[in-house]
Amino acid sequence: MNLLDSKIKPGHSLEIVGFSGDPALRERLIEMGLRIGITLTILGRAPFGGPLLIRFKNSFLALRNEEALCAQVKQA
Amino acid sequence: MRSSETSLTVDGKAIALIGAPNSGKTTLYNWLTGSRFKTVNYPGATVEFSLGKLAPHLGDDSVQVMDTPGTYSLHPKSADEWVTLRALYENPNLEKVDGVIVVVDGTQISRHLPLVMQLRETGFPMMVVITMSDLLRREGVEIDMGYLSQTLACPVLPFDGLLAGGLKEIVAEAKKLQWVKEPIRPKVWPFEIQETKLQESEKIAEKALNQFTEKAQEKLNKIVSTTEKLDRVLLHPIFGIVLFVGIMSALFSSVYWLATPFMDLIDGWFTTANEAVVALAPDALWTDFLANGVVTSFAAFMVFVPQIFILFFGIGLLESTGYLARAATLIDRPFSALGMSGRSFVPLLSGFACAVPAIIATRNIPSTKDRLITSFIVPLMSCSARLPVYALCIAFLFHGDSAWKAGASLAALYLGSVLLGALAAGIVSRFIPRKENSFFMMELPIYRRPKLRVLLRQSWTRTYSYIKRAGPVIFAFAVVIWVGSTFPNYKAQDPYQKLSDSYVGQLGKVIEPVVAPMGVDWRVGVGLISAFAAREVFVSSLAVTFNITDADEESQQQSLLTQMGTAVNSQGEKIFTVSSVIGLMIFFLIALQCMSTVGVQIRESGSWKFAITQLVAFNLAAYVLVVVVVQGLRFLGVP
Chain A
1 MNLLDSKIKP GHSLEIVGFS GDPALRERLI EMGLRIGITL TILGRAPFGG PLLIRFKNSF
61 LALRNEEALC AQVKQA
Chain B
1 MRSSETSLTV DGKAIALIGA PNSGKTTLYN WLTGSRFKTV NYPGATVEFS LGKLAPHLGD
61 DSVQVMDTPG TYSLHPKSAD EWVTLRALYE NPNLEKVDGV IVVVDGTQIS RHLPLVMQLR
121 ETGFPMMVVI TMSDLLRREG VEIDMGYLSQ TLACPVLPFD GLLAGGLKEI VAEAKKLQWV
181 KEPIRPKVWP FEIQETKLQE SEKIAEKALN QFTEKAQEKL NKIVSTTEKL DRVLLHPIFG
241 IVLFVGIMSA LFSSVYWLAT PFMDLIDGWF TTANEAVVAL APDALWTDFL ANGVVTSFAA
301 FMVFVPQIFI LFFGIGLLES TGYLARAATL IDRPFSALGM SGRSFVPLLS GFACAVPAII
361 ATRNIPSTKD RLITSFIVPL MSCSARLPVY ALCIAFLFHG DSAWKAGASL AALYLGSVLL
421 GALAAGIVSR FIPRKENSFF MMELPIYRRP KLRVLLRQSW TRTYSYIKRA GPVIFAFAVV
481 IWVGSTFPNY KAQDPYQKLS DSYVGQLGKV IEPVVAPMGV DWRVGVGLIS AFAAREVFVS
541 SLAVTFNITD ADEESQQQSL LTQMGTAVNS QGEKIFTVSS VIGLMIFFLI ALQCMSTVGV
601 QIRESGSWKF AITQLVAFNL AAYVLVVVVV QGLRFLGVP
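Chains as they are written, first to last, in my numbering: chain A, 1 to 76; chain B, 1 to 639.
Keep in mind the hints are simulated off the structure, nothing from the lab. All C-beta atoms in this analysis are idealised placements derived from N, C-alpha and C, irrespective of residue type, glycine included. Just to be clear, a hint being listed does not mean it is correct.
[Stated by the list, open to error] Only pairs whose alpha carbons sit at most 27 Å apart, straight line, appear in this in silico DSS-like list of lysine-lysine: (1) A:Lys74 with B:Lys229; (2) B:Lys203 with B:Lys175; (3) A:Lys7 with B:Lys229; (4) B:Lys491 with A:Lys9; (5) B:Lys229 with B:Lys574; (6) A:Lys57 with B:Lys96; (7) A:Lys57 with B:Lys229; (8) A:Lys74 with A:Lys9; (9) A:Lys74 with B:Lys181; (10) B:Lys509 with B:Lys451; (11) B:Lys197 with A:Lys9; (12) A:Lys57 with B:Lys181; (13) A:Lys57 with B:Lys207; (14) B:Lys181 with B:Lys96; (15) B:Lys451 with B:Lys222; (16) B:Lys207 with B:Lys96; (17) B:Lys509 with B:Lys491; (18) B:Lys451 with A:Lys74; (19) B:Lys168 with A:Lys57; (20) B:Lys197 with A:Lys57; (21) A:Lys57 with B:Lys222; (22) B:Lys168 with B:Lys509.
[As the list claims (entries may be wrong)] Listing some non-contacts, in silico: residues in chain B with all C-beta distances to chain A over 12 Å: (23) Tyr72; (24) Phe298; (25) Arg363.
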């Protein structure tokens with residue numbers, strides 16, 4: 001599943017297993033520290049279906065839907 | 001190596017600071033340079049980088065430091081990141097940098113190390129500075145600098161942004177940086193290599209953290225726990241929005257209320273200066289030029305300086321505490337529907353105070369397309385200068401006897417400007433090609449206590465840059481308008497006669513056929529032309545053209561209203577009717593009649609074409625709409 005999967009609720013811990021989509025976007029996600037194998041926590045969403053808020057290690061990140069869609073995850 | 005012929009500004013060493021956004025780069029830069037720095041625009045780009053000499057107590061003048069926009073890698077994905085890369089390789093002011101200080105956030109080492117590795121591959125003489133060491137110390141985390149230095153094969157030093165601890169050592173190391181080989185362009189790591197490099201960085205970071213500190217990661221987590229707690233409220237889907245509205249209202253009301261006494265003060269100075277100049281030779285042309293051309297035009301834009309300073313201070317405060325990134329995240333969805341991003345929010349809201357600082361504030365938007373759309377629609381937000389005109393028109397329509405109708409009309413005008421802005425953004429987003437990917441991966445920095453000294457200086461630097469950039473353009477336009485409204489019959493005593501005979505007056509009569517469909521005559525036309533100097537001028541210009549000599553402002557407006565009620569054109573028809581006044585309000589709502597805005601737009605977009613397109617589009621749209629509305633209302637029998 002990807003990060004946008006509706007089953008994913010705030011507080012869930014997920015592990016990144018891969019990336020799909022635009023290579024530039026994938027590169028940027030990785031540069032921001034989201035690499036395969038890391039565990040992240042879903043913090044919630046900005047209002048009106050806005051960006052997804054996540055935490056990994058001690059970083060906080062807001063990702064738009066199209067970006068969150070690129071990260072393939074599994075339950076950690 | 002740099003040859004002496006092509007070296008523009010630096011004889012000694014030039015050191016560039018490179019680092020991820022929020023890594024503490026600018027704080028280090030501020031400590032290194034003291035107050036001796038200037039901002040330089042990269043040619044053709046609106047993004048700025050700063051160049052400064054070392055602060056006097058840190059040694060000689062032979063070292064210059066350059067601050068660059070934050071970047072996550074040397075493979076640029078936004079306009080800002082391109083500037084950083086170009087600053088390293090093709091800097092017009094330095095030709096080439098002599099060394100690089102990579103700034104790494106001590107709490108984010110594993111994420112920031114890949115940038116260090118990329119830079120090391122290019123061959124620049126470099127060193128690493130680990131920031132946030134005050135935070136690390138507070139939680140008892142010690143980083144093994146020796147190990148990092150050995151592994152990264154360059155000097156690694158800690159820096160405490162709060163007390164500037166480690167600054168002298170950093171300077172001493174920076175001076176030692178030496179060329180070993182010619183730098184090469186950064187290599188693009190293929191996906192697999194990138195993965196390997198990241199794992200490597202992670203291992204290095206872990207080892208450096210765990211060498212002297214037990215459970216280092218848990219301690220680092222404690223640093224961010226307050227931020228997580230605050231975010232549960234500040235990013236809450238309901239409370240978050242309520243607080244957001246509250247914080248923004250506080251910011252913008254302070255722009256009005258806090259600035260007012262200072263604006264009055266500046267206004268007072270210029271009035272005194274004006275009178276003093278006139279007193280030198282009361283009827284001479286040169287004093288008239290100095291007083292009503294030069295002094296008045298400077299007053300017209302200097303009076304905005306307090307508002308601009310407070311706005312920059314407020315935005316800087318939100319930025320340095322870490323809230324601005326959250327605000328942008330909260331509002332991103334509605335803005336992205338219009339082809340912009342959450343980062344467009346602050347500039348647009350600033351536009352309600354004044355379009356000039358708002359356009360400057362668009363610099364914070366990394367995507368070129370988002371930035372252009374935002375600065376395109378900023379002038380549609382009803383700025384404070386429109387208020388006197390709205391007030392006059394509303395007072396005319398409702399004769400001041402219906403407060404709620406007046407209030408509702410004003411609210412409708414403001415709401416209308418927002419809707420028009422949204423409409424315009426939707427339209428222009430189709431015409432501006434997207435050159436780069438528009439990622440909205442906003443890193444949300446931890447909440448930090450701002451430093452007043454840094455905030456004040458930063459606000460002043462930005463304000464000063466406004467004065468320096470906009471000043472000459474505004475001055476030039478003001479002189480043209482003064483000349484146009486004074487000559488050729490400058491000896492006329494009667495101000496009505498003088499204006500009527502002037503070039504501006506003649507132009508007004510020439511354009512009368514154009515303004516006539518708007519339901520007004522040449523005198524209002526002159527008002528519309530002079531409103532280009534500053535919209536507030538419209539009211540005083542009407543006062544002159546409708547021959548009102550009452551100097552007192554309150555009664556001036558009252559007698560102007562009476563005069564407007566009876567004024568007739570050459571055919572004996574009333575000029576100010578319900579339909580023509582509604583038309584005037586619509587015109588002021590949409591039209592771009594502000595030379596300061598055009599001046600700043602030319603500077604900021606780096607393009608005459610963009611500013612002229614904006615000018616023509618808004619004024620044409622305003623005109624067409626007003627003609628349609630006025631003629632439509634008259635057709636329906638509205639006077």
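Status of the hints after comparison with the structure:
Only pairs whose Cα atoms come within 27 Å are accepted, and lysine 74 (chain A) paired with lysine 229 (chain B) is accepted, the gap being roughly 26 Å. Taking the CA atoms of lysine 203 (chain B) and lysine 175 (chain B), the gap is about 30 Å. The hint is violated against a cut of 27 Å. Taken as a hint, the lysine 7 (chain A) and lysine 229 (chain B) pair is honoured in the structure, with Cα atoms around 24 Å apart against an allowance of 27 Å. For the proposed pair lysine 491 (chain B) and lysine 9 (chain A), the alpha carbon gap of about 78 Å is over 27 Å, so the pair is violated.
Taken as a hint, the lysine 229 (chain B) and lysine 574 (chain B) pair is broken in the structure, with Cα atoms around 64 Å apart against an allowance of 27 Å. The hinted pair formed by lysine 57 (chain A) and lysine 96 (chain B) fails the criterion: a straight-line CA distance of about 37 Å is larger than 27 Å. Proposed proximity of lysine 57 (chain A) and lysine 229 (chain B) is supported: the alpha carbons are some 15 Å apart, at most 27 Å. Distance restraint check for lysine 74 (chain A) and lysine 9 (chain A): the Cα-Cα separation of roughly 13 Å lies within the 27 Å cut-off, and the hinted pair is therefore satisfied.
For the proposed pair lysine 74 (chain A) and lysine 181 (chain B), the alpha carbon gap of about 46 Å is over 27 Å, so the pair is violated. A hinted pair counts as satisfied when its Cα atoms are at most 27 Å apart, and lysine 509 (chain B) with lysine 451 (chain B) does not qualify at roughly 57 Å. At roughly 32 Å between alpha-carbon atoms, lysine 197 (chain B) and lysine 9 (chain A) are farther apart than 27 Å, so this suggested pair is violated. Under the criterion of a C-alpha separation no larger than 27 Å, the hint pairing lysine 57 (chain A) with lysine 181 (chain B) is inconsistent with the structure, at around 37 Å.
Note on lysine 57 (chain A) and lysine 207 (chain B): the hinted pairing holds, with a Cα-Cα distance of about 16 Å set against a maximum of 27 Å. For the proposed pair lysine 181 (chain B) and lysine 96 (chain B), the alpha carbon gap of about 13 Å is at most 27 Å, so the pair holds. About 22 Å separates the Cα atoms of lysine 451 (chain B) and lysine 222 (chain B), which keeps this hinted pair within 27 Å; it holds. With a C-alpha separation of about 35 Å, the suggested pair lysine 207 (chain B) and lysine 96 (chain B) falls outside the 27 Å cut-off, and the hint is violated.
For the hint pairing lysine 509 (chain B) with lysine 491 (chain B), the CA-to-CA distance comes to about 21 Å; that is within 27 Å, so the pair holds. Pair hint lysine 451 (chain B) plus lysine 74 (chain A) does not hold up; C-alpha atoms about 42 Å apart against a cutoff of 27 Å. A distance of roughly 32 Å separates the Cα atoms of lysine 168 (chain B) and lysine 57 (chain A); the hinted pair therefore is violated under the 27 Å criterion. In summary, the hint linking lysine 197 (chain B) to lysine 57 (chain A) is supported, as the alpha carbons are separated by about 18 Å, within the 27 Å threshold.
At most 27 Å may separate the alpha-carbon atoms for a hinted pair to count; lysine 57 (chain A) and lysine 222 (chain B) meet this at roughly 11 Å. Our distance criterion of 27 Å between C-alpha atoms is broken by lysine 168 (chain B) and lysine 509 (chain B), whose separation comes to about 69 Å. Interface exclusion of tyrosine 72 (chain B) from chain A breaks down, the closest Cβ pair being 4 Å apart, not more than 12 Å. No beta-carbon of chain A is positioned within 12 Å of the beta-carbon of phenylalanine 298 (chain B); the least distance is around 43 Å.
Every C-beta of chain A lies more than 12 Å from that of arginine 363 (chain B), the closest at about 21 Å, which supports listing it as non-interface.
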